[in-house]
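Student: Sequence:
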Amino acid sequence: MTTAGRVVTLFTCVFALCSCSSTDELVQAPTSSIYLEQEIHITDSALYFDGEKMPDVREALASNDSPDDKYNYMYGSAIVPHGDAIKTYKHYVFMTWYRGGKHDRHVMLSRLNTKTGRLVHIEFPHQHTGLVGRWWIGETHNTIALGISPKDETIHLVFDLHAYNRNSDTGGNGSFKKDYFRYSYSVAGAASAADEAFDLSLFVRDTSEHSEGDDDYKHLSMTGSEDHDAHAKLTYPKFFLNEQGDLFFYIRQGTSHDGKGIFTSYISDGVWTSFNSINKLNVKEDGLEFNWSNYGNMKFADGKLGFAFQRRLNNKTDRYRYQNGVYFLYSDDPLGQSAWRDYRGNPIDLPLIDATPALVTEPGDWVETQQVNGVQITGGFDWTITENGDVHIISRVLDRENKHTVHLHHYKPAGHTEFITTSDFVGADNLYTSGGNIYVIGLENGQPYVERASGGTNEFERVYQGTRRSSNFTKGIVHVKNGKLYYYLLADGVGDKRTTYLQIINLNDL
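Take any residue in the sequence shown, count from 1 to its spot, add 86: that is its number in this note's numbering.
The set of hints was computed from the structure by calculation and includes no laboratory data.
It cannot be assumed that every hint is accurate.
What follows is a list of derived Cβ distance ranges for each label pair [said to hold, decoys possible]: (1) Asp142 x Leu421: 41 to 49 Å; (2) Val458 x Glu123: 45 to 53 Å; (3) Ser363 x Glu282: 37 to 45 Å; (4) Asp419 x Asp301: 36 to 44 Å; (5) Thr560 x Glu145: 40 to 48 Å; (6) His490 x Thr403: 31 to 39 Å; (7) Asp130 x Leu374: 48 to 56 Å; (8) Gly310 x Glu145: 35 to 43 Å; (9) Gly310 x Gly275: 39 to 47 Å; (10) Gly501 x Lys263: 48 to 56 Å; (11) Asp419 x Gly275: 44 to 52 Å; (12) Gln330 x Val458: 42 to 50 Å; (13) Gly579 x Ser363: 36 to 44 Å; (14) Gln330 x Gln457: 46 to 54 Å.
Ideal Cβ placement from N, Cα and C applies to all residues, glycine included.
Could you build all of it, start to finish, from the sequences and the hints given here?
Tutor: This is the structure we're talking about:
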């Protein structure tokens, strides 16, 4: 069928036949309470950067299209799945992706109806813009974040952002004009529209004076008014919900050496509240010696709006190459407008100027080197709170001088006032919770695995190890909801178009 000038492809997937040959194959090991319910093929056309990683940004910006048509890139090669790319609502699973190959690059939204088995793909007119507008250089910061508001069943997408603004150096060499912020949203009820009606016509066109025509679904603002400063220099978009069903949006504003976390909540009709700031930019003007940027993650868990981060201090002579510290703060206000506290429950003022009041611990103390830039703390950082109130944070620290990596687990059982830190932790990039348990979820030998510990403990055990059915996987994005793990997976392959799957794994937590 055709809608709004775009072709929308509809597929039907009968679950008993989808990537699994029999009902018996859907059950993992009979000794495990966790089992694979379904594996669903999503697409064979996910965009992938199959060329060479460019040595630096300057060379990449000065380069021309690769003569062999390989898709060269900066930062990472896998753009699908990436970032905040999967959500569930009712009996639907939503996934975002860019369609390959290199000369396609369209923004895509897929919805799986787990009752009918139908998988519907919507193609948006926008294409991956590449590194600062150089479409021939792939850019893995340019993710597609996805949010669903249960209050009016609207769908929200923010995409293709990496600290862009109107300046020529970060504004696509002038090609972005004013559309360096890219936001699309649907009409009310779109999330649960009938399978045959789930198409581009559900999304709201941009009719502002900056509209690029009938094919423009990119809105320049989330707050209802044109404010380019508020929507510039943004990276790492993420949507999430509180327990009352309010939809939040979190993103970092600024740069790697002077960046702040900002968040807003959805009102209606594509309009959000004004942005709130976790920390302040340019704190040198407030008397601090160095500016700093936060690398963190905002979530709503156990009735609290929480934020954990690591600080990147703009100090070129200390022993920290990038980040240092583990910091945590939370608000008892479900909208985060007040009542912010440190992990001990003491009041804390926002925006933070000095990060110290939110400090939990220093991972750098777990390595020996004192060399300048000898301590590297990047990746392997996440946090969660169980439904019982146990707070868990993970981090990773590399001693570059002694070539030694330490994986740390910081946890505060419910009722305790202080965190416990242990290096007796296998390490992970992300941490999840379901019920009173915490989970480490990843890939081993190309297949998903799950490790579980009771909240407030460090007693992890392997409770699930997938076996090959369709493919080996090289990357995955996890979403956990209502006792189920939704694993959005990239299959091993070649070329600038790759295959993706969704696995639904029952955690048996409810």
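Student: So, for every hint listed, does it hold in this structure?
Tutor: Results for each hint:
no.: 1; hint: Asp142 x Leu421: 41 to 49 Å; in the structure: holds (42 Å)
no.: 2; hint: Val458 x Glu123: 45 to 53 Å; in the structure: holds (51 Å)
no.: 3; hint: Ser363 x Glu282: 37 to 45 Å; in the structure: holds (44 Å)
no.: 4; hint: Asp419 x Asp301: 36 to 44 Å; in the structure: holds (41 Å)
no.: 5; hint: Thr560 x Glu145: 40 to 48 Å; in the structure: violated (26 Å)
no.: 6; hint: His490 x Thr403: 31 to 39 Å; in the structure: violated (23 Å)
no.: 7; hint: Asp130 x Leu374: 48 to 56 Å; in the structure: holds (52 Å)
no.: 8; hint: Gly310 x Glu145: 35 to 43 Å; in the structure: holds (41 Å)
no.: 9; hint: Gly310 x Gly275: 39 to 47 Å; in the structure: violated (21 Å)
no.: 10; hint: Gly501 x Lys263: 48 to 56 Å; in the structure: holds (55 Å)
no.: 11; hint: Asp419 x Gly275: 44 to 52 Å; in the structure: violated (29 Å)
no.: 12; hint: Gln330 x Val458: 42 to 50 Å; in the structure: holds (48 Å)
no.: 13; hint: Gly579 x Ser363: 36 to 44 Å; in the structure: holds (42 Å)
no.: 14; hint: Gln330 x Gln457: 46 to 54 Å; in the structure: holds (49 Å)
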